Structures are given as C-alpha cells and as structure tokens.
Amino acid sequence: MSAVAGTHAQDQHHGPARGFSRWLLTTNHKDIGTMYLIFSFTMFLIGGSMAMVIRAELFQPGLQIVQPEFFNQMTTMHGLLMVFGAVMPAFVGLANWMIPLMIGAPDMALPRMNNWSFWLLPCAFLILLSTLFMSGGGPNFGWTFYAPLSTTYGPPSTTFFIFAIHIAGVSSIMGAINVIATVLNMRAPGMTLMKMPMFVWTWLITAFLLIAVMPVLAGVLTMMLMDINFGTSFFNAAGGGDPVLFQHVFWFFGHPEVYIMILPAFGAISQIIPTFARKKLFGYSSMVYAVGAIALLSFLVWAHHMFTVGVPVAGQLFFMYATLLIAVPTGVKVFNWVATMFRGSLTFETPMLFAIAFVILFSIGGFSGLMLAIAPADFQYHDTYFVVGHFHYVLVPGAIFGIFASAYYWLPKWTGRMYDETLGKTHFWLSFIGMNLAFFPMHFLGLAGMPRRIPDYALQFADFNMVSSIGAFMFGSTQLLFLFIVVKCARSGEKAPARPWEGAEGLEWEIPSPAPYHTFTTPPDVK
Amino acid sequence: MADFQTYYVPEQSKWPIVATVGLGVTLFGAATIMVASNQAESTNGGWMIFTAGVLIMIYMLFGWFGSVIKESRSGLYSPQMDRSFRWGMSWFIFSEIMFFAAFFGALFYARVFAVPWLGGEGDRGSSNMLWEGFQATWPLITNPDPEAFPAPESVIGAWGLPLVNTILLVTSSFTITVAHHGLKADNRKKTKIWLGATILLALVFLFFQAEEYVHAYQELNLTLQSGIYGTTFFMLTGFHGVHVMLGTLMLIIMLIRIHKGHFTADSHFGFEATSWYWHFVDVVWLGLFVFVYVI
Amino acid sequence: MRVHAQRAGALLGGLSFPALSLADWTVNMTPGVTGTSNDIFDLHMTIFWICVAIGVVVFGIMFWSIFAHRKSKGVKPANFHENTMVEVLWTLIPLVILIIMAIPATATLIDMYDTTESDIDIKVTGYQWKWQYEYINEDFGYFSNTTTPPDQINNRQAKGENYLLEVDNMMIVPVGKKIRFLLTANDVIHSWWVPAFGFKKDAIPGFINEAWTRVDEPGIYRGQCAELCGKNHGFMPVVVKAVPEEEYNTWVAEQKAAAEKERELTEKDWSMDELMERGEKAYASTCAACHQADGSGAPPAFPALKGSAIATGDMAAHLDVVVNGVSGTAMQAFGSQLNEADLAAIITYERNAWGNNVGDMVTPKEIFDYKSEQ
Ligand code: HEA
Ligand code: HEA
Ligand code: CUA
Ligand SMILES: [Cu+2]
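Residue numbers (our numbering), protein chains in the order written: chain A, 1 to 527; chain B, 1001 to 1295; chain C, 2001 to 2374.
Misleading hints may appear alongside valid ones.
To be verified - Derived DEER-like restraints, expressed as beta-carbon distance ranges:
#1 A/P516 to C/G2074: 30 to 40 Å
#2 A/P516 to C/S2072: 32 to 42 Å
#3 A/L480 to B/A1148: 47 to 57 Å
Hints were generated in silico from the structure; no laboratory data involved. All figures in this text were calculated on a predicted structure; none of them were measured in a lab. Think of the CB as a built atom: it goes at the ideal place given N, C-alpha and C, for glycine as much as any other residue.
Just chain A, same shape as in the assembly (with noise of 0.2 Å):
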C-alpha cells in the first residue's frame, strides 16, 4: 500500500525492498524482466523434460515407457508450454528489461499492470499443469485443440485448460499494451520512431499482433466452454455448426501466433550481428518495413494449417498464395543480415555464434515452411513429422537460439558480470549439434510417410527416430549446462564494464553495468 506514498523524486533513490515481497509486489521493470526469465525458462525444463518423454518413447517401435492416453498428455502439454510458457514469456521478459533501457524511459509506461501481467502467467500455468491430475488426465488432443476432440471427446478437465489458456492470454494482452504505451509515450526526447533500434521495433509490431489476436483465442476458448458445459452447436454439424470452424478461428490466431514467436529474435539478431561485425544494420528502414509487412501479410495466411481439411479451391489458392509471398520480406531480413556480415570485422563470441546458427537454420526452417505452403505438396505433408521438422527448426533454433544469443548478449548487462566464454561457445556447439541430431532426421521421416502425433511407428522409421532422440538427449542436457552458466555468471563472474562488447550501439550501454535499479529518471539525450 506504499503506492500513494512518497512523491516520485523519492521513490527513484530507493533500491529494491528486501525479501520475497520485492519480487510479489515490485512495479520495477528489471525485477519484472528478471522474474519473466526465470519464470521462462522454469517452463522450458518443464515443457522440455515431456519432449524428452516423448522421444524416449519413440526412441524404438512398440509401447516401453508411457501408455498412448499419457503420450497425448505429453505432445499436448509440450507444445503449450513450450509455446505459451516458454517462448513468449521469455520475449516478454526481454521486452521489459531492454525497452526502456533501449528508449531511454524511467520503467514500462504502466508499471502495476505489468506486475499484475507477470502473475497471471504462474498462476495460469499452475492450473494447467493440475490438469495432468485430475481424473481422465490433462489435455490430449494437441495444442491445436481441435474440436469435437476437445468439446465433446474432451476430458473432464478441458474446461480447466480453457480458463487456464484464458488467463495466460489476458497476461499477454496486458503485457503487449504496456510495451505499446511504453514504445510510444515514453521515448526520450530525439529518439524518433525511424531511429528505435530494430528490437524495439520489433516488438512494438509483435505487441500489435499479440493485441489483435490474443482475443480471437480467447473467442475460440469461450466457444469450446459454450459448446461443452451449456449446449451450444458451433462446432457440431448436427445443430448446424462446423468443426472446420474451430480451425479458421484458432488459426486466425495461430499462425499470426508463431510470428509472435519469432519477430522479437529478428529484433534481437538485429542488434547482436552489427556489434560483432562492427558495422551498422544494412538497409535499417526496409528492415522495418518488412517487419511491417510480415505481420500483415500473417493475418490472410491462415488456412496454410488447413490445406487438408477441404476449404474451396478458390480460398485454397489464395492462401498458398498469400503465404508464398510471406518469404519476400522475410528472404529481406535474412539477406540484410547477411550483408550486414559482409566486409565487417567479425568476431565470434557466443551470441554472435548464436545469431549466424539462427540465420542459417531459421532460413532451413523457412524453406521448409516454403514447401508446405505448396498447397498440392502439402497433402503429403500435413501432419507427419515433416511439419515437425519445420516447425522446431524455425522454433528451436529460431525462437530459443533467438533467446540464447540475447541472454548472452544482454547477461552482462543484468549481472553486471561475464559469463564463461569457454562455457557459452561449448553451450552453443553442443546445442548446434544435438538440435540438428534431433531434428534434422524429421524431416526423413515425415517424406517416408511418419505421421505426427503417434506414440509407436511402422518398423521402416525405427533408425531416424532412434537418431533422433539421441540428439533431443543431446540437447536437453546440454541445457542443464546453460543454467549453471547463468548461475556462474551471476555469481562470480568477472566485472563487466559498462560497454562489455567493442561495437555495440544503443542507450542500454550508456549506463553502468550492472543496469541501476532505476534509470533514466531523467532522460537521455539521443543525438
């Protein structure tokens, strides 16, 4: 209740309260930004471990480990936390320490609600996590939900599942509008829109997508509830409802969704490529430009998931179309990237390495992404382990690298200490090859015919999931070593300077490492 209390010019020179009400009631973005990290990563070992469930499962034909019911329970859950608890907490948390760092504000522009944003997000995910035990079991027909599956076939416990996803979306909703009001309203003065750096504007975009498709989710969500506790037909034919309708509307979220996902990691390698190859961003304006594009062109490109389900040949061809077209501002981005390497002076500490692996893997993902679009093609693809392929290569490498490489570009920052460079380039290396050990192989498998969702497969796919779940093993315990690297750094690294990195640019190095408590309580000067 200290919110009324005191005037604004003594609350800047207080330092955080102390004990575990710092963190339960803090309005501070750092504190928020920290706790959003932390809160990610939880999920990510969460989300993780059931990955590593399903690949021990599928590590050899026949059942072994888990029963078929709970296999479901497992893709289900790992996508949702993955998705919703892993990555874009993670972007959120990066928003909110880097931000106003990055625009020269003194905190978010609605501090209470941004605390208010991060709770929701344990809470949300406590109540979907209790799912797991009630009786019938969690979720298990995939984080795409499709009903009837998930009305009428639901288990008890759907109803859960929707309040919980509910919440989560209003924390995001939130969220976005506070970075939205930040990026708008309080950049220092000179900072104009076309001189932001490319995370903010990337995430002032992503902010706009996650606001005008967040409620379509929702929407989706309360049709489900309608359907299966009061009676209601929108997705049932026998009242003259539809469950291809289920699919338009989630889409309409989901695919603007894996954009959400991914538009802040091209902000992020768009800061960490020019500080390690000592050159400005090549073609910043069209950069955001294509940024622009991408998350418009994302909302007309929704039925590429449903090239199967019978849509009119008319919408199909407008859809193959429309996502075709996406690959020109995004090849945009990728070569900017490129020539922004081009005749710099290069040099290859871990974020760096992280971000040239992103460019190069993110592309393989893309031209995946490519091949489902081919609307004929796809009717081989859709739903094997192709798309799985596709989508990990554009989520893992994309998304989590994304993350990686900004965790270590930004940790001195938060830390005020080094991490071990010796430890981060063996964290990336093994990374890069457990990840290509595990999902390079899906892509075999799903030309040869594998189906997506399955717990047991036809003897002709054993070798490649056995290769494959050798790399996830990979991978995942080489995460194990990215915590203790944190935990290291945060604890007895060396001091970083204020500038730890020789090229970089921008607000957030202008100030001491580690990052004040509170900053720009008077506001920078931009040149």
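Given the coordinates of chain A, work out where chains B and C with the ligands should sit on it, guided by the hints.
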C-alpha cells in the same frame, strides 16, 4: 516530452497480486462448478471457491482504482502519464473489438458456408447426404439433427424491441457526449443531468434485453441449445449485454465521482475512458442490429 | 524386477533389431503410383532444389564473410549500410521465383479438386479407431480394423513385417479407374491418407469431403490416419489393395453374396457356445480398443465391463447402451455398425465372459426385433 522527469512510477503495490489470486480463484471455482455439474456431482464446493474469488476481485477493484484515483487527485500524474492511460485504454478497446470479431466471424461462417453446405449447396454440398431432408435457411428453423438440437419456433424480429433498443443506445451516445461537453465547460449540473440520462437509457436497454431473452426462452423455444442460430444469437447479444452492464457500472461510478467533486475541466481521463468504452459498446450494437437482427 | 529385465531386453533388442532387419534410411518422398502423386513429387523436388540453390548462394556469401572478414585477420569494417539497388533486386528476384513456382502448383491443385466423372464411389467413414468402407453404388460395405496384436505393440512378441500397417479387411480398388472418395467421420476428425496415392483428406463429422485417385499399378498400399483422433490415433491403419479390373469385379460379386448371407444369419438358431465363440472375436475387433480384451477398460474414460452394473444387470439397458450408444461420449451406436449376429454374440459374450457369468443370452432375432421396434 519535456515533462519527462515527472513520470510517476508507483512503488510496490499489492493490488496486482491480489488481482491474480482473485482471477485465478474465480475461474478455478467456475471450472469446478461446470465440471461437477456435467458429472452430476455437487457444485457446492465450486460455488464456495467461486464466491471467494469474486469477493477478492471486488476488494481488489475498489482498492486498485481507489489508489489510482487518489494518486491522480494528489497531482502525481503528468500529461505524459495521461497519454499512457490513453494508449492503454485505446488498445484495450481494440482487443475487445477483436474478441467480438471472432464471434461475428463465426456467424458469417455459419451463414455463408456451413449451413448452405449442410443443406446441399456449394463446394461441400454432398454433406447433405448425411442429413437427409435438411434444408438450409436462415434463420435456421430446423436443424440438421432436430432431435439433438430442437429448433426455435421462430426468431426475434428486428423492428420491435431491437429497434427500440437501437434508438436507446444511439441516443445514449449523444447524451454522454453532451455530458462530456458539460464537464469540459465546468458545468457540473449539466454533466450530472446528461450522465444520469445516459445511465437511465442504459438501464432501460438492459431491461428490454432481459425481456427479450425471457420471451425467447419461454415462448419461442429460442435457446442456447437450439442450434447455430440460437448459439450465435445469444453469444453475440449476450456478450454485448455483459459489456453494457460493465459500461453502465462505469457510468454510475463516474456519476458518483462527479458528485464527489472529482475531475477538472481539463483533466478527467476516467470520464473520457468511460465514454470511449460506451461508444464502443454502441458501435458493436449497431453491428449486431444489422447482422444479427436485420439481415 | 521382471519389468526391468523385460525393458532392458526390449532396449537391447531395439538397438540391434532395426539395423539387422529393415535398415531403412530413406530420406526422400517416393513418387507413388498415381498421376497426382507423381505431380506432387515433381513439385516437391522443384521447390526443394530452388531452396537448395538459394541456400547455397546466401550461405555461401555468408560463409565467405565469416572466413574472409574476421577481426582476427585484422580486417577493418567497411562503412556502407544501404544500397537501394540491391535491396530492390533481392525483393524482386524471390518474388519472380515464387511466381514461377506457383504456376505448376496451381495446375496440380485444380486437378486434384476435380472429382467429377468418377467410375466408382466409395464412402469412407472414420470411427475411433477404425475405418468403414461403403461401396455406395454396390450396396455393401465393411469395417477395416487394425490386426496388429497387442503383444507385438507391448514388446512381448517379435514385430511383424507390416507392424501397425495391417488390417483385417483391406479396401479393394481396381487399377486404372477413377475412384471418388466421400470422406466423413462419425465422432472426431480423422484423416485418410495413403502416401502412394498423393493425397490425404480430413474426414470431418457431419460433413463430406471429396477426393479422388486413379491407381496405375496393382499392389498393396499402406498408410495411416493422419489427424490426431484420440488415444489410438497411432493404431488406425489404412490399407488399400489395387487389383486388375476382372479381379475387382469378382470380388464385388463375392462381397454382395456374402452380405446377403450375413443377413440370413439373423434367422439361424444360435447356441450359447456359438454365440460366445463369435462374440469373443467380434468383441476383440470392435470393442477391445476401448474396453480392453479382458474387459477392464481404462477408467474413468472407458468404463470396465467386467463386473459392470450394465453388463451384468438388466438386459434392456445393456441392449440400449450397445445398440444406441451413449451420446456425447466415445461409446458409439453400434446398432448401425454391426449386424444382428455380431451384436447378439458380443452382448452374450460380455454377459458371460471374465467372470460376469450372468448366464443368459440374446439371439440375433431378438436383436432384430429390438432394432425394428425403435
Ligand atoms: C516461429 C515460428 C514459425 C515461423 C517463423 C514459420 C514460418 C513459416 N511457416 Fe510455419 N509453422 C510453425 C511455426 C512457424 N512457421 C508451426 C508451429 C507450425 C505447425 C503448427 C501445428 O500444426 O502444430 C507451422 C506449420 C506451417 C504450415 C502448415 C503445415 C501443415 O500442417 O501441413 C505451413 C504451410 O504453409 C507453414 C509455412 C510457413 C512459411 C511459408 C513460413 C515463412 O514465414 C518462412 C519464410 C522464410 C524463408 C523462406 C527463409 C528465408 C528466406 C530467404 C532466404 C529468401 C529467399 C527464399 C525464397 C524465395 C525461397 N508452416
Ligand atoms: C518453442 C517451442 C518448442 C520447443 C523449444 C520445442 C522443443 C523440443 N521439442 Fe517440440 N513441439 C512444439 C514446440 C516446441 N518444441 C510444438 C508446438 C509441438 C506440437 C505439439 C502438438 O502436436 O500438439 C511440438 C511437438 C514435438 C514433437 C512431436 C510430438 C508428436 O507429434 O507426438 C516432438 C518429438 O520429438 C518434439 C520434440 C522436441 C524436443 C526434443 C525439443 C527439445 O528442444 C527440448 C529440449 C529441452 C529440454 C530437454 C529441457 C532441458 C533439460 C532438462 C530439464 C534436463 C533433463 C534432460 C534430460 C533427461 C535429457 N516436439
Ligand atoms: Cu483416426 Cu487419427
Ligand atoms: Cu502458419
């Protein structure tokens, strides 16, 4: 942005965490009730959790808004802060628009695609094989499976109560604007009268809407369970109704605050936000009137 | 202990087994046996090579910078950060490539959607977890269930050659004819997929999707359900046998005769033993997926029948559940899926197996009367 130094960053606050617990408990309770009643079990436990959650939420709303109002009145907020609130409110309303868009989308899809297909027209018209004798009409007066989803006897026409309601809401958009002008001109009496009128119109609207629901349920057999027509009808008008209720509550609070002497002629964002929200609710109704009732 | 030993054994076996027998390192799609699947294969290869080419150029330039422009070599960074010319170029070139790619894709897609002028129509209905094939012009149909024994799945028995891809009744089609599929489902969404035919199409409850194929070569083609449809989604194979036309015609004639015979079974007088014997088989293929072969079910989703109040209680209630199903649950109305003989056999079996020992039985004729009353 010259007034940068005065940006107010509140210190620690307990309200967010109270709000989290409140929302979590409320929804957990709601889910418990629904799951229990589906399995024909006792819902008492669920109701207890739910009520506890709602009470926490009410406590939180009073507390949180209370402290915001106090801060605002003690002059902690700068014009920049005001702009943050404006952005916040505008984007919140945008998110609400998208929420309604999902339900309008469902209505269009059902009318333009699903129902005609089931009736044998268009690309997936062979679906009619599964529903022998089903005819596509809108409003849907017989459902594909009339046993599972008994259809309504008839639906509510546009030119009775709905038209009256439209007039009520459109008028209320004017009255709140007049009230706003009053506030800007520091004419409190004018504000009170016109704000009072707005609230009255809103209450009458809600009364008629309730009347219409009773009529639909009791006389027309038009219910949530009567197939896609009833489904979209009640979901769209129902969510709108909930928003009207919320808006009315906000209007009432504004009346109380004005009565207590809050706001000044040039600083009254709470009032403005409420009127934005009210306009948004009106516009949604116009969409509803056209697409749910008229067409 | 035993479990651990078994698992260790399975693990060892698994490690050596695939390498020994079906070592299969296929990395690409196969062209398949229909026109469509060949078209798709061509599209797939074209776009693949386009991507490879772009990748080689882009990553090539990048690797060159990585090797040549490193600080450790003392390189000083250049200063450019804009060039409208190249930026326009690398927007337009990909655009052109994509347009070139879209043209053949459009043609193939339109061809895939043309389901007119078919020679044979087959209605395919997905159930949890089996397929029903109805030859709608010929007036017969049947179910197609997986036949992979649970012992193989649970690693208690060596896995067969067509592990998970084998069924009791295959779909039979003639080669060289245009076959139109009418796909739908009875409960949740399934997806009917035979890779060699080059399409999969969702089977959606309440709606009918159309698709077509023309198989060029006789043979047995295997696929799987491709849309998550619940617990046994992974155990829902699709097997199609393409045969020469004469063979197909003979088969159709046989099927029609057999269908006629099945109908006669209702009239026959059945003994308890006969019913139990038939019941055990029919139960295993139709009901065991959910209620388990030993009747133990998988509560709470799938109730046990062993000792169940319904299976040991009043006959009328038992009939009602099995014939009419329980709406809104996975328990389907089997009255429309099984013939009277099978229904009678299964119900009798359930009442007397696994120690249920009610002692009574129901005959196909009684079932017939029960159904007609409704
Ligand atoms: C971060 C997440 C992310 C990203 C960025 C993308 C990016 C893309 N995705 Fe992906 N996708 C997913 C996450 C993502 N996807 C997920 C999670 C699913 C599965 C959901 C589920 O069912 O569970 C999915 C599924 C999915 C499907 C459905 C497959 C199916 O179920 O059958 C399709 C189909 O079109 C598709 C296409 C694309 C395309 C065209 C892009 C493009 O944006 C890619 C563009 C990038 C490039 C093309 C590479 C770089 C470009 C160049 C170097 C320029 C030159 C190139 C050319 C001209 C060729 N995706
Ligand atoms: C950002 C999103 C994201 C991320 C990061 C990942 C990460 C991983 N995913 Fe992901 N995955 C999805 C999103 C993601 N996935 C989605 C959306 C689906 C679709 C779901 C659906 O079909 O509905 C899916 C589905 C999916 C499948 C298909 C399941 C199926 O179809 O049945 C598989 C199978 O291999 C898989 C594997 C993995 C693996 C091995 C990792 C690894 O990268 C994980 C590595 C991390 C860890 C392992 C955690 C850290 C380590 C420890 C906690 C220590 C313990 C470690 C050991 C015991 C070794 N995933
Ligand atoms: Cu049927 Cu999957
Ligand atoms: Cu997509």
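Going down the list of hints, with the structure as the test:
At roughly 37 Å, the beta carbons of A/P516 and C/G2074 sit within the given window of 30 to 40 Å. Distance hint check for A/P516 and C/S2072: the Cβ-Cβ separation is about 35 Å, which falls inside the suggested range of 32 to 42 Å. Restraint check, A/L480 to B/A1148: a C-beta distance of roughly 53 Å satisfies the suggested window 47 to 57 Å.
Comparing the model with each numbered hint stated earlier shows that all of them hold.
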